[in-house]
Each structure stands twice: as structure tokens, then as C-alpha cells.
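Asks: Make a model of the complete structure from these sequences and hints.
Top to bottom, those sequences are chains A and B. Quick note: the first sequence uses my numbering, first residue 1, plus one each step. Quick note: the second sequence uses my numbering, first residue 1001, plus one each step.
It is worth saying that the hints were derived from the structure and are not from the lab. From a predicted model like this one, the values you see are computed outputs, not experimental measurements. Not one of these hints is a red herring.
Pairs of lysine to any residue residues, derived as SDA-like cross-links and limited to a Cα-Cα distance of at most 25 angstroms, are as follows: (1) Lys135/A to Arg1255/B; (2) Lys1470/B to Pro1758/B; (3) Lys135/A to Pro1017/B; (4) Lys135/A to Ala1003/B; (5) Lys135/A to Phe1018/B; (6) Lys135/A to Gln1016/B; (7) Lys1786/B to Ser141/A; (8) Lys1631/B to Arg1493/B; (9) Lys1786/B to Ala1707/B; (10) Lys1786/B to Pro1017/B; (11) Lys1631/B to Ile1511/B; (12) Lys135/A to Met1001/B.
Residues from chain A shown here face chain B by an in silico Cβ test under 8 angstroms; the list is partial: (13) Asp75; (14) Ala76; (15) Asn94; (16) Leu99; (17) Gln108.
Glycine included, every Cβ here is placed at the ideal spot set by N, Cα and C.
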Amino acid sequence: MLLDVRSLTKRFPGAEAPVTVLDGVSLTLDRGEALALTGESGSGKSTLLHIVAGLEPADGGQVVRDGTDILGLGDAERATLRRTQIGIVFQQFNLIPSLNVGRNLSFQSELAGRADAHRHQALAETLGLREHLAKYPEELSGGQQQRVAIGRAVAGGPNLILADEPTGNLDETTGDRVFDLLLSLARDEDRALLIVTHSERLAARADRRLHLSHGRIQT
Amino acid sequence: MTATILSALLSHWRRQPFQLLTLILGLSLATALWSGVQAINAEARKSYGQAADVLGGGGLAEIVAETGAIPVEAYAALRRAGWRVSPVIDGWLMGDGGRVRLLGLDPFSIPPGTPTGTAILDAGLDRFLGASGALLAAPSTAERLQGGETSIIALPDLAPGLALADIATAARLLDRTGFDRLLIAPGPQPDPTTLATTAPGVRIEPPATAEDLGRLTDSFHLNLTAFGLLSFAVGLFIVNGAVGLAFEQRRPVFRTLRALGVTARRLVALLAAELLIFALIAGAIGILLGYLIAALLLPGVAATLRGIYGATVEGTLTLAPLWWASGLGIAVLGTAMASATGLFRVARLAPLAPARPRAWAMATGRAMRRQLFLAALCLAAALAALVFGDGLVAGFILLGGLLLAAALALPAVLAALLALAQRTATGPLQTWFWADTRQQLPGLSLALMALLLALAANIGVGTMVESFRKTFTGWLDQRLVSELYVTLDDPARGPDLIAFLETRATGVLPIWHIDGEVLGGPAEIYGVADHPIYAENWPLLAEFPDTWSRVNSGQAALVNEQLARRHDLSPGDDLTLPQGLTLPIAGVYSDYGNPIGQVVIALSLLTQTYPQIDRIDYGVLTGGADTAPLKEALTKDFGIPESNMIDQAALKAFSLSIFERTFAVTGVLNVLTLGVAGLAILTSLMTLASMRLPQLAPVWALGLTRAQLGRIELIRALILAALTFVLSIPVGLGLAWVLLAVINLEAFGWRLPMFLFPRDWIRLGLLSLAAAGLASLWPAWRLARKPPADLIRVFAQER
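Replies: Spelled out as C-alpha cells, the structure:
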């Protein structure tokens, strides 16, 4: 098992009383498995993903990854984890606007010290970005930008990919392509994929799906 | 990893070269103005130090005469009594290139190790003595002395404007018989109490230091430093704006970097390193620009210091490595100050913080309230300095507090004025215009604050200079009562001169004085002839009804404003002069331009108390008649050289030229500061232009043309500049009052009346509108020519 989330709790300050966003959420994820997390807006999907990525602290529970509870790690250790072991794909792409596509693609692998020109070339080929490598993000369509973001997330060879609504800003056809790409990149290299999506249709194509409602997993 | 992050951070500047240019330019200008002023100050102080070392005998005590020169016999008597002293003759030599101070020294008795003794040894004793003697001088001074009969040896380490000669050569060149002072060699000497019996009429003076000259010129340099600091602060506004904007624009990048595993500490460290690189580059450019500014201003400053304080400063720059280091240091410090807030925010930036690139331009009401609170604190500090403070430092705290408070309060005041305008707006476009201007205000506030400071400084300093000029010219008209001033080479010819002028002039007024110590400080004691013209023309600040009759009868003295303020003297107080002469004070008079104390007593009392005074200067009254025929007669029939006469008009012109030179430097700094502020507006508008698209695109889509939008942007800049100008008037007048009533009083010892010059304000207002108009022209033109596709993209992209 790659990831074991146990009784995760998260509260945010509210106008009158704290609002519980995650209320004892537990889930597991194996290598090579694609898990889709669905739920209505405000159900806590993104918060769960952020906590698993080490981007946000939790109020209770554990996130055990390869035997280590990442909630017990310090800021620098969590940063190292994100840099080397996790690939994150955001809904807003979050590319670096001042770097061209090629540099964006290789950026995280360079941070992790795993830059590999051949691999980057192959990835660009796979992602259909070969002729766009010299362009800047603002010159690409949304679907192309998201492909760059996916490439950046997997280029360093992480064993866990976290994707937060990766198709939320894309039309249906482009969204389908991006989703397929994510699934194939995860399965081909035996990575685990946790994907948050609104789309029940896309979620159905994952190996497993969980539905979050009011901070709890619905079974 | 570091290289990867750094390349990502630096790539922002590759894509935003104008922003980089703004940052470098702002920092370079700030450093240039600051380091230029520092270079001038350092050069002047170095010259004072060199001069004081040589003139003051390198920190040795001296024997001086109570009045006049020390006779050769007195020197011989002291040497026989065991005093190890060395004679000095001190005077002025006229060369082709102007006056040079000449020191005559005895190379055989001069104490070893003194700067003058070392200079003589450097030149070689045989060359120094020579057949007809030689003059030692710095290369630039040597050039001014060319053309004389005496050979000149150039020595680079000597103070500018000074020449050294053997005592016999100096006595011959200056036509002297006695000595001006005797340097006392270090080590054991006879009992000082025996001095009076060995050589009557002499006394021991403690060692002189550079501080004496430094004290006189400190206030001048302090004024320059304050200006340098103000210009630096205005430059920092640009840097702060550029850094703040760059940080906010890169906020999404910082967030992404944090999400991808870069720690906050590493990010801050790399951003600091990036800024350090920029600071060093901009600092180096700024130092070069500062050198040019200093080279441009130094001749004027040197002339001012020479004219007002008699301090000789080399007119060329020689820069020490320390100056380079301090220039780079101030650039780094300025960058650190300007970017501290931005770095602090990045350090606290959570990886999931919302990416709001426009947050920089959207300051909250809370931030404005915080700024108002700070303004109130600054104002309180200024008022505290005014009420409880004392001295120049308190004056500058008052000045700084006032300016900072005004600058900090500006955005809130402008916001209130714009809200008022919005309430009175008719129609949707006007309403949108005022609301949008308010929304833009935070993004422009730094530039407008810089403009306010520059305008207020301009109005304040302009009011001070013009008030000073008006008072000074009025005072000169009153004070210069004689139409012609004559200097005799031979004092014995005085009675002949008076007889010669008896039928040719309406009156002759001896202008005799002696330098002495009054209330522990250097002072001049002048004698005035018993003539009604003084009572009619001398401006008195405080007096008794019968002041002049008491002065003329030798029963009272007048003191200048400086002396009165320094020692809290007023009419009725007793004043003790050298030789124990004690007189009550009968009045206080204005004495602008004189840094030291002055006392006026009856001429008869002066000659009676100090019989050895030089009786060579006379004022000649012609009843308003042309002085040219009289000058000709004095030259032809009485043998007075043309150079020994100066008429009132020439003297006034000379005095006014010194005045103009004094303020020429501040004038240049004023213009430069305004230029920097104009640049701040341009850079703010240019950097804001790209961020404004999401706000302007909907208005364009709703039916306004791009040209209309461009015009609106231009009008907006003009309105904001006009409002800032109007607000700068009271701030500038407050600044002028502080300069005239507090700083001048502390620095120079005189208080000046304040006059208002509204015509100058109108000119300045038009100038600021022109600056703002020019600054907004380019961004407005770009907006008017913006391709529609760029505006459409705003709707297509989720930003």
C-alpha cells in the first residue's frame, strides 16, 4: 500500500463556529491504482488532496505514505516530499508564465535533481507538445497548458500523482484526452493516481471511486 | 536545484524588461543623488582636514599676539628664555588665478613631524630655500601661482589654495616685519606664567583642529545631506513600487514553487540574492552617475564654501575606495528597505495562498488606515521635536516627520477627495471614472507620494530661497551705505586720504575692525564713525530709543543676530570684549551671510582700546553721485590701485553672486528630485498598464472606444497630479517655515521673514502637470492602440 489516510479531520474557522470540512475520512491507495474522488462543491475533495500533498495541515488523523505519517513532518521535509515523490496537477495549470514550455516541462524534475533530456523529449512527444516547446504558456490553449502541467508532474518520476480537477477548465473532448493521458501515465509506470473530479463520467473510468459528501466518505 | 529556482525567478525579468529597467533606474538614481552629495561633502571635509593640519601646525599650541603681529624681538626673547618655538607668517598672495594663502615657515626651527615640516622635507631643503626662495603648493594651486618671480614646487599632498615658503621669502612677498604666530614644539617648555614677562602682549592658543572650519560649514553640508537623503527617499519610492509589483506579479509563481517543493526559506534567500545582484548593478551605475553629479556641482559648492566661509576646497574630485563601498552599501540598504515588506510576505506565503497578481494594486481600507496611523505618529514626532527639541537634529526630525506624515496621509486624503467627486458625478461614465480612479489609487500612491515630496521640497526650498533673496537684497541695500570702498596699502596714508576726499566726497567712514574672542568664540569687533547715515540705514532687530547716540558716545555696543541668539543676548545685557572692555548691549542687527559673531562699538573706542588695528579700509560717501570720476581721481592723483577700490554696485553683485552660488546646488538637486518623481509616475503607469486590462476590457466591450479609454487614462493622471500639487502647497509652506524659522536659525543663527510667491507655485503646478501628462502619454497611447485581440483575451482567460 502506497498511501493510507486514517480518520482525517479538518476544520476551517467559520463566522460563528468552526466548519468541519473533513470528518474522519479514511482511504487507501495502492501502486498502479487510479482512485477518483467525487463530490459536490465544498465537500472537502480539494482539501483532502491538499493535505495528502502536504500543502495543508490537518486537525486530526494520519496520512501514512510509505510507512511515514506526513502530517508529522516539518515544512522542509514536506517540501522535499513534494519535490521528489509527488506530482501535482492543478485545475488552473499553475505553469510558470515566464518560462517556455520546455523549461516548464522539465522544471520539477530539475528541482528533484532528476532531469533527463531523453525523458523530457519522449514526454513532449507523448503529450503532443513537441512543436510547442519554445512557446510560452500564454501562447497555448487550455488543453495544451494542462498537458504541460501533467508532463511537469510526471517528469521527475514521482510514485504518487495528485490531480485536482485537472479537466475543470477544459471542454469535454479535451478533458477526456487529458484524463486518458493521466490514467495511462499512471498505469504505465506503476504510479498511484488520486484524482479529484466533478465528472461522474470520468470518475467511472478510474480503477476505484469514492464519493465525499459533507466531509465524509459515502459508501 | 538552486540554479533551477533562480532561473525561474530571473525569467520574470526577461519577460518584463521595462520593470527591470524601472527597478535599476530607480535604484541607480537614488544612489546617484545620495552618493553625489556624499562625494561633495567628503571632498570638502578632506580639504578642511588638510588645511587645518597645515594652518593649525598639525595640532600644536601656538603663541599669538593680543593685537597685531609678534615683533622679531619678542621671538628672540622667547628663544633666549628657552621657549622652543618656530615663527609663522600667514597672509594672502595674489596670483594670476586668484588669492592663495601663503604660510612662511622657518625650516630650521619647525617642530619635526608636523605636516608642514614633512612637506618641506619632501620638497628638499635646498630647493625650498633656493637662491630667491621657492613656493610649495598643490599642483592645482601651483597653476594659479604661475607668472610670479618665485619658483614653484608642486606637492600633491598639500591642501588646495595654500602655499608654503621660507619665512624670509614670505616676509618679502607679503611685505611683513613681524610674525603672526609661533608654533610651540612638543615636549618640556619654560613655565607658561613667565610668558608675560619674557614677551609682553602675547598669549598661548590651544591647538586648532579641522573642527573649527568643520563647525562653520557643518550646517551647509547638513543641508546638502538632507537634500541627498530626500532624493534618495524619492528614488526608493520607485524601487519599492517596482519590487512590490514584481513580487505581486510573481505571486502565482512563488505559490507554484512552494507547491512543487521549494521551502519558504530557500525562496526568500534566492529572492534576496536576486535583489542583491540588482542592487550591486544599480549601485555601480548609481555611483558613476553620482560621480558625474558631484563633478557637475562641486565647482559651485567649492565657490560657495570659499565665498561664505573662506574654506578652500579643491574643485575637482578625487574619490576614495570608501566612497565606492559606501555607495554600494547604500544601494543594498535601500533595496533591503524597499523590499523588506515584499520578502516578509513571501516568507509567510502559504503554498495554497490565493494567487492574486493584482493585490498590489488593491490595497485594503485597513492598509490605508494603518498608513494614516503611521502618518499621525510621524506628525506627533515632528511636533514633539518642535516643542521639546533643540538643535539641528531636532530641526531635521521636525522636517522629516512633517514630510513623511504628509506623504503617508496622501492616499487617504486623495481617496476621500475622489469619493467626494464620485458622489457629485452625473452619468455612468463619470461615476465609473471616479470609482476606477479610486481603485487605481493604491497602485499609483507610491508615485504620487514621491511627487508630493518632490513638489513640497520644491515649494519649501523655493520659498526659503526667494524669502532669503528678498530679505538679503533689502538688507544689502540698507547695509552697504557707502558708494565706494577703498583699501590703503599703507595705513599711514589714512589722514591724507581723508583730506584728499574732503572736497570730493560727502563723507569718509573708516571701516576698521579687529578679530578677537567674544564669549568663547571667534568674533569681529568693528568701529563705526559717528555719522547719521548708520542710524538711518542699519536694520536693527532690537534696540533702545537712544541706541545710536549711546554707541557713538562709546557707552554701548551693538551685536549681530548670530551672537545674540547663540548666547541669548538682548539689549541691556553686558558684554565683555578682549582687553576687558565691558559695555552694555544697546541693539541687535541683522548680519546675513556671516557665520561668526560681530560687535559694533564707537570708532574712537575701538582705536583707543585696540591701538594696533589695521587702519586701511574706508567707506566713501558720494551722496549718490557716480563713483567713476572719484575712482579715477583716487587712482591718478592719490595713487590707489584700481584693485584696491570696489564700488557699492560691484560689492552687491559680488555678494549676490555668492548667494546665487550657494543656492544653485539646492536648485539643481530640486530639479533632479522632481525629475525622479516624474519618472516614478511614468514607471507606475507603465507597470500598471498591463494589469489594468481586466478592468478596462469590460468598459471597452460596453461601448467605449480604445481612444476614449486612452484619453481617460491621460485625464486621470492629470487630475491626480493636480490634486497632489494642490495638497503639496500647504506641505511645502510648512517645510519653508521649518527651514526659515528652525533650520536656518539653528544652522546659521539668523531668522528670516517668510514671503509667499504664488507665481512660482503656478509655474511649478504647470510643470507637474506637464510631467504627469508626459508620463501618462505613452501608456495612454499604447492603450489607444491596443489590439482588440488583447482585450478579448481578458474574457477568454480565467486569470
